[in-house]
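Join these two chains into a complex; the hints should help.
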Amino acid sequence: MESNKYLEDIASIKNIMHKSSRFISLSGLSGILAGIYALIGAYVAHTILTTEQLTASGERYSSLSGLINAYLAHPSGTKLVLIGLIVLILAVITGVILTTRKAKKQEEKIWDASSKRLLINFAIPLCTGGAFCIILLQYGLIGLIAPCTLIFYGLALINASKFTLGDIKYLGLTNVIIGLVSTQFIGYGLYFWALGFGVLHIIYGTIMHFKYDKK
Amino acid sequence: MSIITNINKAFDHRIRLGIMSVLMVNESADFKELKELLGTTDGNLASHTKALEKEAYIIVHKTFIGRKPNTSYRASRKGKTAFKKHIEALEKLLGK
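Top line first, the protein sequences correspond to chains A and B.
With the working numbering applied, the first sequence corresponds to residues 1 to 215, in that order.
With the working numbering applied, the second sequence corresponds to residues 216 to 311, in that order.
Chain B on its own, in the form it takes in the complex (with noise of 0.2 Å):
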């Protein structure tokens, strides 16, 4: 068994590992934050929100708020996991 087998190819970009991050230890967070949080567009964020949910790593909430339509996130338990082992992977990866 390799010693990259659990680093996961979902999380092998700096943006989804953001995203990840703020949902670990955030209950939810809507699109603005995340764009403000990681400094990227809104294209960018977009399509790897989706690209984690795709995975079902994350949950997408829709709602408005008045009239504006809202986006909120929240990581699922198996993103959590996933997320999880791919640290342990990055961090066994970087001791050796």
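Next comes chain A alone, as it looks inside the complex (with noise of 0.2 Å):
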């Protein structure tokens, strides 16, 4: 009777300790989902450059990394720009929906401490990163722009493990590694990229899914 209730309150006291620092209520969906659509945008911006490369003046360029960049120097290069946007955009959207959906079938508010802590510790990483990455292509530096998109993504995802599902420490890691190792394989960014932000979200947020929502 006794050793119940002390049983009881075991249980209380960490599942408060757990709900109180971290926001639980990360959608796994919108991870497969975001993982999709960085797919769709790969291959459309894969497409782009390809049929770009048969039909530019003449000119062939040895890399992809040469293409891209004589293509941000072709006005119409901002295609590519918008392709990245639209995939980040509807990424957010869809994430944003999904977890405010499944805070709200587990009673939780998405708008409290926690979620703010998720929020700014994954945003400094992160916009360190995008802040580094147009330093990067002032220089003209292109072909460092995809590895480091990831590597700077995968450190914000660590940073942001702290404070949500520890989980996405393993996600941030990979991210992490495969942006290194893009390093030794300029010109091919986009491929890497597809990996990373595609194939690797909808891994991940496959087994999010099924570890956390199917409950």
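These are calculated hints, taken from the structure and not from any lab test.
Any given hint could turn out to be false.
Said to hold, decoys possible - From the derived model, a few chain A residues whose C-beta atoms are all more than 12 Å from chain B:
1. Ile36
2. Lys104
3. Ile158
4. Tyr191
To be verified - Simulated restraints on C-beta separations:
5. Val275/B with Asn15/A: 18 to 26 Å
6. Glu242/B with Ala131/A: 22 to 30 Å
7. Asp257/B with Cys127/A: 33 to 41 Å
8. Ser243/B with Asn15/A: 17 to 25 Å
9. Ile222/B with Cys127/A: 46 to 54 Å
10. His228/B with Asp213/A: 28 to 36 Å
In this text, a Cβ means the ideal position worked out from N, Cα and C, and glycines have one as well.
Right under this line is the structure:
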């Protein structure tokens, strides 16, 4: 009788500690969808780049990065930037909608101290990376942009993992590793990008979906 | 020495355990956050925070956010040690 009460006490302590320090309503499904958007985006970007290569005014580029360089100098290079932005915006909107829905189902607040802390800790490395990528662009180091986005995104996830489901740490670590490996294969950034942002998100999202959402 | 020696009377209530649990893993929490997390009423929470404050297990910090008074709480070192001992005692008790 008494020990039952203490057992309940311990369970509720664990629950409260977890709930109060971590934002646990992140939706796994939104990870899967973000991955799919990224893959579609990468595919479209790839198509644009390869058709451009065939139709570019007689000039052939030895590497994809050379092509991207030329493409960005070209006025329609904004297409690539646009694709990136659309993927990002779609992923964020889906994430917010699905996470809000999950939070409602679990009767948790979407905007509280834990979600604020999560966002701030995620945003610091991410914004640093964003700024750094713009600097790379400034110096024309286009080839390093894909690795750079992967590495900083990975670091942002590792930093954020202390404030949400700890599993995103592994997604972050894998992204950092892929980012570092891709520095050795400049010109194939788009493929690594599709792997890191596309395939990994789908795998991670699926695992999370079955581990946490399907309960 | 009895096995319940370390069971701390001050923590022998669900709400107080809850308050300490939140403050063990968060630097600080304000009244509203505690209320929402623990699903309790203003009066109930106030009486329990007062009890913990009296034991010097938590530190109360009163400020104003704009014109609204805001009360935030932190666990004191003494409170953290006492809480850890209490949990250990609970676990020992359950292990027997």
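Against the structure, the hints come out as follows:
1. Ile36: holds, 35 Å
2. Lys104: holds, 15 Å
3. Ile158: holds, 19 Å
4. Tyr191: Non-interface label stands for Tyr191/A: nearest chain B Cβ at 41 Å, farther than 12 Å.
5. Val275/B with Asn15/A: 18 to 26 Å: Roughly 25 Å apart at Cβ, these two residues keep to the hinted range, so it holds.
6. Glu242/B with Ala131/A: 22 to 30 Å: holds, 28 Å
7. Asp257/B with Cys127/A: 33 to 41 Å: With Cβ atoms ~39 Å apart, the hint holds.
8. Ser243/B with Asn15/A: 17 to 25 Å: holds, 20 Å
9. Ile222/B with Cys127/A: 46 to 54 Å: Cβ of Ile222/B to Cβ of Cys127/A: about 48 Å, so the range 46 to 54 Å holds.
10. His228/B with Asp213/A: 28 to 36 Å: Distance hint for His228/B, Asp213/A holds at roughly 34 Å.
Of the numbered hints stated above, none is contradicted by the structure.
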